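The task is simple: from the sequences and hints, build the whole structure.
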Amino acid sequence: HYSIRHSTMTEQHTHIFQITSSANQGGGAWHLLSLLENVCGANLTHHAIFPYNNDLSGEIHRLSKNNICFPYSLKTFIILLSKFNRISHLYSHSSIVLHSHGPAAGLLGKFLSICFGLRHIYTPHGVQFQDYDPLKKLLYILYEKASAFAITEIIYISHTEKKSFTNSNVYP
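So the sequence shown is numbered by this note's numbering: it starts at 1177 and just counts up by one.
Quick caveat, the hints were computed from the structure, so don't treat them as lab data.
Fair warning: there could be bad hints in the mix.
Lysine-lysine pairs mimicking DSS-like chemistry, simulated, CA-CA at most 25 Å apart [claimed, not checked]: (1) K1321 - K1339; (2) K1241 - K1251; (3) K1321 - K1338; (4) K1338 - K1313; (5) K1241 - K1259; (6) K1339 - K1312.
Nothing here was measured: the structure is a model prediction, and the numbers come from that model.
Structure representation (structure tokens):
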């Protein structure tokens, strides 16, 4: 899934922060688990930002090096920003990659990308915006277009999902 390109011949250690707003049974959490289990290497460390009290939380916790609770309140959001401030000083910015799974995680990934100047891979899991009422659909598309600059790369989980986004001109 990852094609992280480095500008030098030496391999740089990369820290991938997997972000999900749900660790329940479902596509996003299973995709994240698959990445944690199967994408590995000596120069790659997985970290995870996820809710601690969901079905798959234990598995995600076991497979990632550094775990941060997904923020559901202003207090936990401020804690997350404080942790990321420390993280951004521990590792070089070029070695940190955010990978968000789904719209809520995407919002957090975009925010962290903008605040800390980090690369951001977005996987828009299960976004059925085509089924939204017209106003909600318009607002969603406007939000995605306005925030697309905070995404480095998009990974679609299916051809149907990719077609839905490209046919609606959501991303440039």
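query = Any of the earlier hints contradicted here, and which numbers?
reply = Violated: none.
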